[in-house]
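Residue numbers (numbering that gives the first Met the number 0), protein chains in the order written: chain A, 0 to 400; chain B, 0 to 130.
No lab work stands behind these hints, which were simulated from the structure alone. Treat each hint with caution, since some may be false.
A few chain B residues that face chain A, going by a derived Cβ cut-off under 8 Å, partial list only [said to hold, decoys possible]:
{"#": "1", "residue": "V42"}
{"#": "2", "residue": "Q54"}
{"#": "3", "residue": "M55"}
{"#": "4", "residue": "L56"}
{"#": "5", "residue": "Y58"}
{"#": "6", "residue": "M59"}
{"#": "7", "residue": "G61"}
{"#": "8", "residue": "H63"}
{"#": "9", "residue": "A75"}
{"#": "10", "residue": "A87"}
With a straight-line Cα cutoff of 25 Å, these simulated SDA-like cross-link-like pairs (lysine to any residue) come out [claimed, not checked]:
{"#": "11", "chain 1": "B", "residue 1": "K107", "chain 2": "A", "residue 2": "K218"}
{"#": "12", "chain 1": "A", "residue 1": "K105", "chain 2": "B", "residue 2": "G94"}
{"#": "13", "chain 1": "B", "residue 1": "K107", "chain 2": "A", "residue 2": "A288"}
{"#": "14", "chain 1": "A", "residue 1": "K105", "chain 2": "B", "residue 2": "R100"}
{"#": "15", "chain 1": "A", "residue 1": "K217", "chain 2": "B", "residue 2": "R78"}
{"#": "16", "chain 1": "A", "residue 1": "K105", "chain 2": "B", "residue 2": "E98"}
{"#": "17", "chain 1": "A", "residue 1": "K105", "chain 2": "B", "residue 2": "R78"}
{"#": "18", "chain 1": "B", "residue 1": "K107", "chain 2": "B", "residue 2": "P50"}
{"#": "19", "chain 1": "A", "residue 1": "K105", "chain 2": "B", "residue 2": "G96"}
{"#": "20", "chain 1": "A", "residue 1": "K146", "chain 2": "B", "residue 2": "S114"}
{"#": "21", "chain 1": "A", "residue 1": "K70", "chain 2": "A", "residue 2": "V33"}
{"#": "22", "chain 1": "A", "residue 1": "K145", "chain 2": "B", "residue 2": "K107"}
{"#": "23", "chain 1": "A", "residue 1": "K218", "chain 2": "B", "residue 2": "S92"}
{"#": "24", "chain 1": "A", "residue 1": "K105", "chain 2": "B", "residue 2": "A51"}
{"#": "25", "chain 1": "A", "residue 1": "K194", "chain 2": "A", "residue 2": "S247"}
{"#": "26", "chain 1": "B", "residue 1": "K107", "chain 2": "A", "residue 2": "S247"}
{"#": "27", "chain 1": "A", "residue 1": "K209", "chain 2": "B", "residue 2": "G96"}
If you want a taste of the chain A side facing chain B, the calculated C-beta under 7 Å gives, among others [as the list claims (entries may be wrong)]:
{"#": "28", "residue": "R244"}
{"#": "29", "residue": "S247"}
{"#": "30", "residue": "A288"}
{"#": "31", "residue": "A326"}
Every value quoted in this text rests on a predicted model; they were computed, and no experiment measured them. No residue lacks a Cβ here, since even glycine has one placed at the ideal position from N, Cα and C.
Here is what each chain is made of, one letter per residue.
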Amino acid sequence: MNALIPKFARLLAASLLLIGPAAQAADEELDPEVLALTWHKISGAPFDFDRAVNASPKVAGPQTFDTADIKKAELARLHAIHDAGSTSIEFTTVVNDGIGQYDHDKGEFPIQLFQPGIFLQYPYHHADYRLVFANVDDVRAISMPKKEEARAFDQKLRTLRPMNTVVRFRLIGSGDPQGAVGGDRVMRGEILSMKVVDRADQVVYAPDVKPYSVEPPKKFVAAEVDIAGMRVGVGADEFKAALERLYSADVERVDAKGKGGMDTRYAGYLEIDLLTCMGGGYRRRDPAAGDVCVRAYFDDDDVIRTIIMLRVFPWMEIEPIRAAAIARYGTVSQSSGAAYIGWGPTVDPKLLSYKFQEGYAITMNINSPSDLMGGNYSRPLVIVALQLIDPEWAANAKPLR
Amino acid sequence: MKTTMLVLAAALVAACGGSDPAGSAAAPSAAKTEELPLRRGDVWEVDPASPADAQMLAYMYGLHSFVRQGDDLFTATTRLTNVKEDGAALIASLGAGLEARIEERDGKSVLAFSSGPIATLRPHQAPGEQQ
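With the rest of the complex left out, here is chain A (with noise of 0.2 Å):
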């Protein structure tokens, strides 16, 4: 059987894309390139230096008996912003937007720029630097649930608009807390002060902020976590008849060390497929909400190592599984957009079927049957998939022979 095919969803609906005009209420100018080079610095992505002095609109153009010398300086220059980066230095940035459409359904007026997969855009030598932030908790939105009070207040917000947001804060690390943006360059910022003033720069609203503060990670302990109830270190036996005993399906155990491109480190595996979506290239029918597939690859000792499943749901949008998922596992490791996300420590990717540069404990993928399987369906279906690894076993395993 073949390894899942990793595919990543086409469901992200069309990216809106707003350029914000310079504001007049900017305490100072934000440089993105002083903002991506403390980026590197700070997270210890690698930068090409050389590549981006070559591209430098100081050195473009024909050469000339100078070149070498203001390729060093701008080198040079380089180095210095890259090398004076630290997490206390502080940016600011507008951004032209303000106070969103009042949400009848959660009595509240949202702040656009800190809803989830809402990200700043700023591209430096043809790279694209994303800033997301990470304490946005208080920030989010005007609680406002009395009717009269918001119609008040809406009706105020419709003379003071266009509106800016002010932020000011400081870079503390990569990646979006909330898993809901992806890409290589994701910056993730804290915000240490922020207000929203409109077009004549008065304060509209100006919450307090508090610092950005997380738990110090824990110890990712396999055995106690699990994934739509399944988990890894259950021998082998057991796993197959709780599986048919929930699904009262045939599970196929596979002994097939060595066989068939699996990796080496594992025995088999056991796989239940009502739908036949974990490869293979045929299906025996069309996909329904409710299927589901499972595959559990077991060591030369018949215990679970990685469990894999797919369950087919009807339509819905991404940001709801999102949310679902992260109140479920906690903090991101990675992700790609919302439709790959990572959790816990990072493992031999080749162990997974599902993986995004790296491999991670656990990871949520989100599928439509076509991206998956291929061809066309007449019912929009969702497919998402949960994998768990026993990352302490992944780091000690050995191939067997």
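Use these hints to put chain B onto chain A, whose structure you have.
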């Protein structure tokens, strides 16, 4: 002056959930082998015609298909340990303040999450089996 691009990466529907570290979000524990209800109890599953958000939440916590034996709930190889009775209902604490309530409503068994979504439960049906 520089410009700043505000970009929406994904469809926005709901606010973010909690943020418990991996491994600590839920209270359930691994079922001991001898505890696994391989023949005991009743198997229940979420009706796939239920609202998608309720099915999704159930899936995240293994409650899309589970074994109930009295007041004990087993999701595959996990036993939900924080389960209590509330009248005729059974309430499972899932961590981060989320609860799942199993009870009868209008003559149907339901799985109602404290965050709002409600799924209909039905006795397990084998694949292709019509109720």
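Status of each hint after checking the structure:
At a threshold of 8 Å, the smallest CB-CB gap from V42 (chain B) to chain A is about 6 Å, leaving the interface hint in force. Using the Cβ-Cβ criterion of 8 Å, the hint placing Q54 (chain B) at the interface with chain A is satisfied: the shortest such distance is roughly 6 Å. Contact between M55 (chain B) and chain A, as hinted, is supported at the beta carbon level, the nearest pair being about 5 Å apart and thus within 8 Å. For the restraint placing L56 (chain B) at the interface with chain A, the shortest Cβ-Cβ distance is roughly 6 Å, inside the 8 Å limit, so the hint holds.
Of the supplied interface hints, the one on Y58 (chain B) holds, with its beta-carbon coming within about 5 Å of a beta-carbon of chain A, less than 8 Å. Residue-level restraint check for M59 (chain B) holds (minimum Cβ-Cβ distance to chain A is 5 Å; threshold 8 Å). Because the beta carbon of G61 (chain B) sits about 2 Å from the nearest beta carbon in chain A, less than 8 Å, this interface hint is met. With a cut of 8 Å, the hint placing H63 (chain B) at the interface with chain A holds, because the nearest CB-to-CB distance is about 7 Å.
Because the closest C-beta pair between A75 (chain B) and chain A is about 4 Å apart, less than 8 Å, the hint holds. Interface hint status for A87 (chain B): violated, as the beta-carbon distance to the closest one in chain A is roughly 24 Å, over 8 Å. Pair hint K107 (chain B) plus K218 (chain A) does not hold up; C-alpha atoms about 42 Å apart against a cutoff of 25 Å. Straight-line distance between C-alpha atoms of K105 (chain A) and G94 (chain B) comes to about 23 Å, which keeps the hinted pair within the 25 Å bound.
Of the supplied pair hints, the one linking K107 (chain B) and A288 (chain A) holds, its CA atoms being roughly 20 Å apart against a limit of 25 Å. Distance check on the hinted pair: K105 (chain A) and R100 (chain B) sit about 23 Å apart at the alpha-carbon level, within 25 Å; holds. A C-alpha spacing of about 22 Å is found between K217 (chain A) and R78 (chain B), which places the hinted pair at or below 25 Å, so the restraint holds. Distance check on the hinted pair: K105 (chain A) and E98 (chain B) sit about 20 Å apart at the alpha-carbon level, within 25 Å; holds.
At roughly 35 Å between alpha-carbon atoms, K105 (chain A) and R78 (chain B) are farther apart than 25 Å, so this suggested pair is violated. Of the supplied pair hints, the one linking K107 (chain B) and P50 (chain B) holds, its CA atoms being roughly 15 Å apart against a limit of 25 Å. At roughly 19 Å between alpha-carbon atoms, K105 (chain A) and G96 (chain B) fall within 25 Å of each other, so this suggested pair holds. Distance check on the hinted pair: K146 (chain A) and S114 (chain B) sit about 23 Å apart at the alpha-carbon level, within 25 Å; holds.
For the hint linking K70 (chain A) to V33 (chain A), the alpha-carbon distance of about 19 Å falls within 25 Å, and the restraint holds. This hinted pair does not check out: K145 (chain A) and K107 (chain B) have alpha carbons roughly 36 Å apart, beyond 25 Å. With a CA separation close to 23 Å, the supplied pair K218 (chain A) and S92 (chain B) stays within the 25 Å bound. Proposed proximity of K105 (chain A) and A51 (chain B) is supported: the alpha carbons are some 20 Å apart, at most 25 Å.
Restraint check: the Cα-Cα separation between K194 (chain A) and S247 (chain A) comes to about 57 Å, which exceeds 25 Å; the hinted pair is violated. Between K107 (chain B) and S247 (chain A) the alpha-carbon distance is near 23 Å, which keeps this suggested pair within the 25 Å criterion. Our distance criterion of 25 Å between C-alpha atoms is met by K209 (chain A) and G96 (chain B), whose separation comes to about 22 Å. At a threshold of 7 Å, the smallest CB-CB gap from R244 (chain A) to chain B is about 6 Å, leaving the interface hint in force.
A least Cβ separation of about 4 Å between S247 (chain A) and chain B falls short of the 7 Å threshold, and the interface hint therefore holds. A hinted interface residue such as A288 (chain A) counts as satisfied when its beta carbon comes closer than 7 Å to some beta carbon of chain B; here the least separation is about 4 Å, so the hint holds. The beta carbon of A326 (chain A) comes within 3 Å of a beta carbon in chain B, closer than 7 Å, and the hint placing it at the interface holds.
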